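Enquirer: Single-letter residue listing:
Protein chains: 2
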Amino acid sequence: MDFMEVIKGRRSVRLYRGDPVGDDTLESLLEAVRWAPSWANSQCWEVIVVRQEETRRRLVDALPQGNPGRQGILQAPVTLVFLGIKGKSGFWKGEACTDKGDWFMYDLGLAMENLCLAAHAVGLGTVIIGYFDAAQVAEILQVPQDKEVVAMTPVGFPERVPDPPQRKEISQFVYHEGYGRQE
Amino acid sequence: MDFMEVIKGRRSVRLYRGDPVGDDTLESLLEAVRWAPSWANSQCWEVIVVRQEETRRRLVDALPQGNPGRQGILQAPVTLVFLGIKGKSGFWKGEACTDKGDWFMYDLGLAMENLCLAAHAVGLGTVIIGYFDAAQVAEILQVPQDKEVVAMTPVGFPERVPDPPQRKEISQFVYHEGYGRQE
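Chains as they are written, first to last, in the numbering used here: chain A, 8 to 190; chain B, 8 to 190.
What the hints contain is simulated information worked out from the structure, not anything from laboratory work. Bear in mind the structure is a predicted one, so any value in this text is a computation, not a measurement. Hints may contain errors.
If several chains are the same, the list does not tell them apart, and a pair holds so long as it fits within one copy or across any two.
To be verified - Calculated pairs, DSS-like style, for lysine-lysine (alpha carbon to alpha carbon, straight line, at most 25 Å):
{"hint": "1", "residue 1": "K15", "residue 2": "K100"}
{"hint": "2", "residue 1": "K175", "residue 2": "K154"}
{"hint": "3", "residue 1": "K175", "residue 2": "K93"}
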């Protein structure tokens with residue numbers, strides 16, 4: 008697949024088939040996470056692979072009713088839960104060195120995008136889920152208090168690939184040489 | 008290029024040639040940003056394209072001495088400055104709905120990774136720079152106060168591609184079914 012086809016063809020998939028995702032395939036997706044860039048190579052992420060149906064059911068309970076990610080977690084054979092390690096990204100000599108504080112959310116975004124694209128490139132669907140009770144998920148997965156549960160995604164073969172939601176035109180979010188200036 | 012080659016081959020490039028980056032190429036990179044996922048399709052990013060050398064010199068002044076991104080901004084013909092729009096990502100019915108508050112940093116990470124990968128796929132280098140005085144950059148580029156200057160990257164042809172920094176092994180950041188559990 009042409010690279011831009013991967014970028015443009017990736018959708019947030021909400022309906023999955025239950026077909027298994029092999030260990031080798033999953034490993035290649037985690038390899039994509041591994042190669043993401045991060046602040047000073049801090050690699051401030053961890054991933055919990057959840058295959059057990061009982062655990063996936065419990066994860067769903069941490070999502071609000073009506074979150075369309077719920078059925079994805081139940082249907083797809085695997086859910087990946089991403090954790091952030093605080094106090095590394097955005098820091099210089101032990102101090103947060105920008106007005107943004109900790110950059111772990113930014114780096115988790117970089118890593119998640121690698122995962123979503125790598126999955127799409129091999130025909131797998133994902134949907135980034137951030138709206139859930141992180142404390143509840145931390146309890147289910149025994150995540151220690153010094154790690155942040157950030158986001159999760161089911162990984163599975165799409166049952167249905169939705170149409171892309173509308174995007175802004177490039178001219179609506181890109182300026183030249185200064186804010187608000189069109190070419 | 009195979010998709011995983013793009014993922015694995017992308018480096019943080021710090022030495023650039025001055026060769027021009029054409030408008031069509033740049034547009035394809037911005038198209039990659041456009042197709043990034045975001046919280047409820049909020050597309051909470053804007054990008055300022057800076058080509059003028061005088062403006063790039065002023066941006067460099069906002070980076071701390073010793074930040075290796077400085078020479079990249081001077082050498083490469085283009086720098087892209089990413090802004091975040093607050094109050095959209097991570098919100099539900101007008102309220103921040105998770106313990107993470109605003110998710111604009113996360114979505115900016117998703118978008119930046121699309122940019123870096125799309126650039127590498129066509130032979131261009133990038134390096135994500137987050138360590139600078141955001142208020143100073145906002146002043147240089149006349150960014151209004153309701154937008155956050157988040158990160159920037161030079162875009163240009165690499166003069167030298169560095170060796171990859173060491174990565175954790177997958178077993179060092181991936182667990183199964185619960186925190187800390189190896190397969």
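Enquirer: Against this structure, judge whether each hint is valid.
Expert: Hints versus structure:
no. : hint        : in the structure
1   : K15 x K100  : neither (39 Å within a copy, 29 Å between copies)
2   : K175 x K154 : between (35 Å within a copy, 17 Å between copies)
3   : K175 x K93  : between (33 Å within a copy, 17 Å between copies)
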